[in-house]
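*Asks:* Work out the full structure, taking the sequences as your base and the hints as a guide.
In the order they appear, the protein sequences are chains A and B. For the first sequence, my numbering gives the first residue as 1, with consecutive numbering after it. For the second sequence, my numbering gives the first residue as 1, with consecutive numbering after it.
The set of hints was computed from the structure by calculation and includes no laboratory data. There could be a bad hint or two in this list.
[To be verified] Here's a subset of chain A near chain B, in silico, CB distances under 8 Å, partners left out:
no.	residue
1	W108
2	T729
3	S730
4	V731
5	R732
6	K759
7	V923
8	M928
9	S964
10	T969
11	I971
12	E973
13	R979
[What the hints assert, rightly or not] When the alpha-carbon atoms are kept at most 25 Å apart in a straight line, the in silico BS3-like pairs for lysine-lysine are as follows:
no.	chain 1	residue 1	chain 2	residue 2
14	B	K110	B	K302
15	A	K45	B	K146
16	A	K45	B	K75
C-beta: ideal position from N, C-alpha, C; glycine also.
Below are the chains, spelled out letter by letter.
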Amino acid sequence: MPGKLKVKIVAGRHLPVMDRASDLTDAFVDVKFGNTTFKTDVYPKSLNPQWNSEWFKFEVDDEDLQDEPLQITVLDHDTYSANDAIGKVYIDIDPLLCSEAATVISGWLPIYDTIHGIRGEINVLVKVDFFNDLNRFRQSSCGVKFFCTTSIPRCYRAVMVHGFVEELVVNEDPEYQWIDRIRTPRASNEARQRLIFLMSGELQRKIGLKVLEMGGNAVVGYLQCFDLEGESGLVVRAIGTACTLEKISTLTSASATHPSNSSPSKDMKEPVFGEEAPGIPLSSGPPTPLRVQTFSSFSPSKSYSRQSSSSDTELSLTPKTGMGSGGSAGKEAGPLKALLRQQTQSALEQREYPFFTLTSFPPGFLLHVGGVVSARSVKLLDRIHNPDEPETRDAWWEEIRQEIKSHAKALGCHAVLGYSESTSICEEVCILSASGTAAILGSRFVQDGPLDTDYRFEEVAPPGCGFCHIPYDELNIPFPAQLTYCYYCRRFKVPDVLFTTIDLPTEANVTGKGCLIQARLCRTKKKAQGEGNATAISNLLPFLEYELHTQLMNKLKLRGMNSLFGLRIQISVGETMLLGLASATGVYLTALPSPGRIQIAGKTPSDITYEQHISNMQKKINDTIAKNKELYEVNPPEVVEEMIGSPIPEPRQRSRLLRSHSESSDEVTELDLSHGKKDAFVLEIDDTDAVEDIHALLTDSPMPPGFYSCNTEIMPGIQNWTSAIQMFTSVRVFRLNNANLTNQGLNKIFSDLCENLLKSLYFKLRSMIPCCLCHLNFTVAVPEDELIQVAVTAVAMSFYKDQTLENGRQSGDKTLIKAITENDEQLQFNLELNAESSSSNPLSSTKGLSDVSGSHPSARAPPVDYSSFADRCSSWIEQLRLKAHTIRRGSVKTTSSLEKASPLPEGRSRSLQSNRSYSGSSVTVVKMTPLSFIPGAKITKYLGIINMFFIRETSSLREEGGVSGFLHTFIAEVFAMVRAHVAALGGNALVSYSMKECVFMENPNKNQAQSLINVSGDAVIFVRESELEATSVQPQSAATRETSNGGDGT
Amino acid sequence: MSVELDVFVGNTTIMDKEVYQLWLNGYTVNDAVKVRIEGGIMEECEASAEVLLSDTMDQYRTFQMCERLLHHPAKLANQLLFQIPPDRQAMLIERYYAFDDAFVREVLGKKLSKGTKKDLDDVSAKTGIMLKSCRRQFDNFKRVFKVVEELKGPLVENIRQHFLLPDQLARDYAAIVFFANNRFETGKKKLQYLTFHDFAFCAGQLINHWTVGAVDNMMDDMDVDLDKEFLQDLKDLKILITDKDLLDQHKSLVCTALRGKTNVFNEMEANFKNLSRSLVNIAAKLINAKDVRDFFIDLVEKFIEPCRSDKWTSIDVNLYLIHYTNSVHILDTFKHHGVWNRYMGVIKSCILRMYHE
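*Replies:* Here is the structure:
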């Protein structure tokens, strides 16, 4: 059954002058979908035409609806000669095909021309009357929801995570077709833009089909990339994670936990410690009477006080009395657990690729992390002869995925999380890379069949450290690693360092704050052709990776940290060099041992000055470590007295070490002794590489005070965000004028380039201090022989200062309120509260609550055993949940607009909105962020995916302000278009934004430049928590409608 | 080795007020960097000169991109290219349209033509304001003038609405437009002691009382031109100096009122006829456009200077003008009270404002 697409062209404004004589324009509009075209009347002599057209109706297949973009062209009518095009608007109507996303597209959209940029705006209305198809053999997959977000989206719950979906579409690149020689650059650019729109539509549809086949209804962590292979064609490929999502309705959500505990707007002060509080049901199934009973059994706080007095070791071994349905956990769970793991494993093994593009997970999903797995391969491109059978490319990726899978297996893991794929192309050489984190998953989300609540507590290890425990066999370690008992639970083995590509699990126990760690490397290579070139590159790759790894390790130790999250290694190939950039967020995981020191040793003992030199260096390094520890507040909690007998006596020594670090170098020997069996990381200075390493270590300039940075979703140790966010993109291109550079020289240049870029960012954003640059995403490229291009996209987020000092009690009032509205996060709440204040507090008013927490002394000061906190506070959680329940009951969808930004709920208000924008009074503020959330706000609705591709070209580069002016304008234009499309969908923010491609080419001699940008993200409606609070009292009709919407998936 | 391309684009456009001011003042990027370094920002933010240069370039580029929007401030609010918070928008507009008193003093009353623009380098040299900044200010005047010229209704209100300027700035622009339209002479040496604000005040008086809009704002005509009818009527005031009886009567009335109230009574008495003649002659001549131009110079030469040479204080002048104005109403044969009041009200406040002791 086809759908009916309806389009109305309302008006235009700010049009360019097309007729020099009258300084006016005679504009009309061409509306095209598929092969059907409609035209509006000519609106003569106006720069602000009011067409107010009829509804243009297109009757089309749903397959076409998914593939084709709606193409709106604004033209200037010319009686005598051909009509001049003013510009175009491409509208992706996919969001309208899903019942839970947007219902209408309405608003001012920029009219874009690939040569002139934005030329005015057009007001359109687009609707789809869509009849759902029941044909089993259909080719369309309307209704499958797509999310760029790499976690379970905020207002959904994951019923099932089906797993990996991938698809790849190839075509010839219009830019390289013969016809390109005779057509204008504009025509060529437009052909390309349109083709990519078409291809991504097709890709999305095909992926959707796969999802439907798997029984899912959504794709999360959807990652679509373009490979501009030049002569050999154009590849559009996408990967994602198929899921079955269920909308969390307002009424049931109060008793069921939010599946994503990654939600970083959590307002507790510390990540969750300790046992999974029994009060938190892990299952996301519908609330059962049993569950309710579980709740009620918590109110008497007796059992908790008992539990809280026990040590954590005991805790996890003692079957919990207050556990209701989950009572069978504990020792008995041993065999069960093994069985379950087997089941999970087999369930996963049935799949071709047990990969997940998600980076943060619902509780109970992730059990253990093995480590980073990655694979690369170098390929020679040749022309794609038959676009309909992209087998070669498919086979390439298949190879890589198999390799990843086997790597994971070697680590004793059955799944790969945080999986991503990328390419780097230079001439006919292409490097394909894939990486992810090997892991063992819990059974709950990956297994079919009814969920058995008895398995809920299968994992005995506390979630704060459980994921660190090694998944592989201790006696059969796949790589050299030093294992120790977990510093947190003391029962399982953990590695000395942990590298992952995922986000830090929210429940993880972390000491101090995290920071961005980058390894940068540049290696020259000889110019070569074809196979020789490919071989040279593949020979270089392992060294590159090894060195990057070493650099990362050194820098990690220099910061006194022991784990990396969000690791992303990008290798970019140019004609004469290879660039490697590894970025990750360093964290001190409490469960892992303290990192060994970095020790410098001269290989051949020689004269005194040399010794002096070495000890100076050593001192410098030690000082830096000490400074970093202070900066990032990395003070591992001292282990309590009774622990002395434990097999790991380090902590005491470590504290001594810390003290002596700052002292003079003649203590080195003593230090070495005290270091005992700890592996000191020895850098031998005779080695030229080592000198370089040390140099690289010490040249990383410290961040200015008030700044933190990370490349993950959230910064460990900072939760108290203000609502001030600033997303930005910065691009730099550096020209190496000196062709004969050594590796070392190149390295320094590259490293300085990145450092300087960061410094500029800090300076630019100084008004936001205290602030954290989150999701710092660096992309490097070698656009030409002697050029290095670095692009950064990130979001700067301010946080409340007091929190950095002492857990932000001062703002407790506010945060508590926030936390209550966002009841999904009660889990993390507990830390704010301590035993004394727990059971007796009345839940009458929020004020009362906040008072208590406000008066509560810092939880941080004494070295407390945090694990007991959770239990002590669980009755609190329940209170809060009740509280949240009442608030939640009539909340979520609100109209109140304190700022103009907040959009109206759709339906009744949509018309209002279109009226508003029609009158052209003001522009909706649209926030953009690479993160999956907006601090201090609740995402109430996902409107659909935004995936846009733009080309801009100029032949008057100087006149447009040179290369910088040109690219600056273009990026600003892309942002503007993204914002406009989000607003037209009725949204006020774009989350999980990413700029996946930013290609820039110039030819200054010809005064020309061309740039391509591909951006994507999820359009959402968010509501400020303060507004939620204010309006939550009266129930809204919108909320109930929302609920009714919740059920119908596909 | 060089940075070939360097851009920073925020979802919300970041603009530094300080750099904006430097840009407005016409500094080059390098000079602006120097100024910023001298301001101590490097120590404050641990930044290097390189970082400052990059930031300054970037900001300058942003301002240049914004400039065409600033020419039509109303567009700034509903354009999509830059996401700028409303308070920032207001700041951008206000500062863009702000001007230097020294500069405006030079071009006040001049025709806003290409010729004048060509002479701006002289103005720049004389005032020490950079040519770039002079050009911006001049273009602002011209732009406002062009837009308002065609519009009906109250001048200040029109400016405020079309250029989204704060009240005081809109008033100042009204004065500039008014002066440019009527081509009042302000550059003569004798007028040099007057500031822009003196003139702006006078312009305000003239706009509020002597234009067509002042009497009837429903009128189609605008605030920019003086009320021709009124100017015509002013000729009737001549009777005050041509009728000998009337003049004497007027003088005695004023002198009676003033006696014993001022230290310069003798001078007042002696100069009465001269001063009265001057004021009435100014009024009578205003019907000629050329004499309108000389309005301020006439006031200074014919009234203010004589008083000043006799060492009148402002209080004296005020007192004199009050009685001079009011006494006319006691004259039996004088019929033009309305015109007289409308004329003298403005004259009095202008003179008082222009009378610097």
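*Asks:* Run every hint past the structure and note whether it holds.
*Replies:* Quick rundown of the hints versus the structure:
1. Hint status for W108 of chain A: holds, given a least beta-carbon distance of 7 Å to chain B, under 8 Å.
2. A cut of 8 Å between beta carbons decides the hint on T729 of chain A: the least distance to chain B is about 5 Å, and the hint holds.
3. Contact between S730 of chain A and chain B, as hinted, is supported at the beta carbon level, the nearest pair being about 4 Å apart and thus within 8 Å.
4. For V731 of chain A, the suggested interface contact is upheld, since its CB lies about 5 Å from the closest CB of chain B, less than 8 Å.
5. Satisfaction of the interface hint for R732 of chain A is found here, the shortest Cβ-Cβ separation to chain B being roughly 5 Å, below the 8 Å cut-off.
6. Taking 8 Å as the C-beta cut-off, the interface hint given for K759 of chain A holds, the closest approach to chain B being about 5 Å.
7. With a least beta-carbon distance of about 6 Å to chain B, the hint placing V923 of chain A at the interface is held under the 8 Å criterion.
8. Because the beta carbon of M928 of chain A sits about 4 Å from the nearest beta carbon in chain B, less than 8 Å, this interface hint is met.
9. Residue-level restraint check for S964 of chain A holds (minimum Cβ-Cβ distance to chain B is 5 Å; threshold 8 Å).
10. Given hint, T969 of chain A at the interface with chain B, holds; its Cβ is 6 Å from that chain's nearest Cβ, closer than 8 Å.
11. For I971 of chain A, the interface hint holds, since its Cβ comes within 8 Å of a Cβ in chain B; the closest pair sits about 4 Å apart.
12. Satisfaction of the interface hint for E973 of chain A is found here, the shortest Cβ-Cβ separation to chain B being roughly 7 Å, below the 8 Å cut-off.
13. A distance limit of 8 Å between C-beta atoms decides the matter here; for R979 of chain A the minimum to chain B is near 7 Å, and the interface restraint holds.
14. Our distance criterion of 25 Å between C-alpha atoms is met by K110 of chain B and K302 of chain B, whose separation comes to about 23 Å.
15. Between the alpha carbons of K45 of chain A and K146 of chain B the distance comes to roughly 22 Å, so the proposed pair stays at or under 25 Å and holds.
16. With a C-alpha separation of about 20 Å, the suggested pairing of K45 of chain A with K75 of chain B holds against the 25 Å cut-off.
The structure is consistent with each of the numbered hints, conforming to all of them.
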